[in-house]
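Please model the entire structure based on the sequences and the hints provided.
So the sequences go chain by chain: A and B. Numbering of the first sequence is given in the working numbering, commencing with residue 5 and proceeding in unit increments. Numbering of the second sequence is given in the working numbering, commencing with residue 10 and proceeding in unit increments.
In short, the hints are calculated from the structure, not lab data. All of these numbers come straight from a predicted model, not from anything done at the bench. Cβ coordinates follow ideal geometry from the N, Cα and C atoms, glycine included. Careful: at least some of the hints might be erroneous.
Some chain A residues close to chain B (C-beta under 7 Å, calculated; not the full set) [unchecked claim]:
id, residue
1, Glu-136
2, Lys-141
3, Ile-162
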Amino acid sequence: MKILVLIGNVPDTTTKVKFNADHTAFDASGVQWIINPWDELALTRALELKEAYGAKVEKIVVANVGRSETEATLRKALAVGADEAIRIDADPLDAFFVATQLTAVAADYDLILAGIENADYNGTAVGGMLAELLDRKSVSAVSGIDLEDDLLKISREIDGGSQQLTMSLPLLAVVQKGIAKEPRIPAMRGIMMARKKPLNVIAAADAEALTAFDHFELPPAKAACKMVDEDQAASLIRILHEEAKVL
Amino acid sequence: MSVLVYIENWDGKLKKLSYELASYGAQLAEKLQLPVKAVSLGKVDEATLKTLGKYGITEVLSDTKETYNTLDNSAIAKALFAAAEKTAATIVVMANNNLGKAVSPRLAVKMKAGLVSAVQGLPISTEPFVVKKMVFTSKAFAQITIKSANKILTLAPNSFGLAEKNTDTTITAFDAGLSADDFATTVVSTNKVTGKVLLQDAEIVVSGGRGMKAADNWGQLEELAEILGAGTACSRPVSDEGWRPHAEHVGQTGKIIAPNLYFAFGISGAIQHLGGVSSSKVIVAVNKDPEAPIFEAADYGIVGDVFKVLPQFIEAVKELKA
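Right under this line is the structure:
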């Protein structure tokens, strides 16, 4: 079985977000870039499956759509254990554009893993769009995945509970929290090995974006927090009822 | 042309979310001077679907095939596509919940529609078509133009509210033309959360962080949630420690929620946590550390011991409800 993990390159989640002067684009100066947290969990689970099932998991490849500056993020994925990386050389304009680009490389993989959300523009669509473009089954909000013979045992969250499923390959799984515990930290040996692993750069195909981000603004500053003494806590319930009218 | 709203059901029942979507679809359609219709997949009785008329839906296409309850992503997308064709829909609206996030991208490819998820409010303009959503996990707003003729919007729950618009609703039997082969998801077991307010549906959320100190200390927090009719949530360290289930984790890598009232007990308010809750209308923070960043995001705060504050809150709420 070959696994493809889709990797988003996003600002570190502690980044103080700022925009350019006319508020039309994210200001990336001084930003640390990381593997999108959900994609990192997907990769972690893929590595766990390879460790648990040995030769059954033939290889793990990571792929992203981005310019050369995203290669550091792909190298990090290689350093924690992915076997190969693919970078499709284009600016990731929107989910439809990115999914269309990925169709050029994704069809060969039995299992494709995508994170449920991107921590930058909070899109949720690349995985599902890719599945549709490949005419492949998909399952979303996956919080557990395991192999059982030729089938996958999947746990997914539904609105109002959770379900256990069995699905056959090929499959695209959109994964969320719970799929793996802590992401791995690259060790020195992994970082050294990652330099020798293949990182293939592929030219972008003709594709269009259907949406465009035009304008950004920061939320208005919040009024100061009204403080209540610890031994007057009950009065706060009254304030919530009478003043804030939320109780 | 029309606006089509996908109305999900939960064991044949609708929720406030369903009526919020209907309200949104109707207001959007009015703005565009288009008719608004809805599609329902699965076994829901006509009387239940008729209630959508109160929020402006003129017609509901109802395909009552039971197999939709397997929530097979490609089957539901296929059925929605058939409904969109039947109603000549150019805009499809659905919830930004687990199912909406799963099926909207597939439908977007079929319709070649620009998709924006977690949209807040009606479009800022319709020509060009510009909508607003939060990005960078609630740290900023963005305006997004949808350039394609067809469009799909998933609505951030609890961001729009209800808007009544009494309308006569026709229920039309609908066959999306799916066969057994279209359903490839085999459900082995389903575990439904019962007797508790679901986090995404909750108008009040009571949440605990590391300051709660141990898994055994949640009793008072749960009691407060119960008497308030609130959902319970937690911060990331709490779910990582296994004190509470992952489904309760709110924040950057967990759920993003927007209740009317959010109580944070013993939560310091890391930037990742605030991202998941900052859209709440009112935030109340209780923390022993006066420097905790949660107080910068909160509307009301108490510097103190959560275990001294919780019993006072419980008593005061009981008095209020009495």
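Okay, the hints, checked on the actual structure:
The closest approach between the C-beta of Glu-136 (chain A) and any C-beta of chain B is roughly 4 Å, which is under the 7 Å cut-off, so the hint is satisfied. Taken as an interface hint, Lys-141 (chain A) checks out: its beta carbon lies about 5 Å from the nearest beta carbon of chain B, inside 7 Å. The restraint placing Ile-162 (chain A) at the interface with chain B holds, with a minimum CB-CB distance near 6 Å, inside the 7 Å limit.
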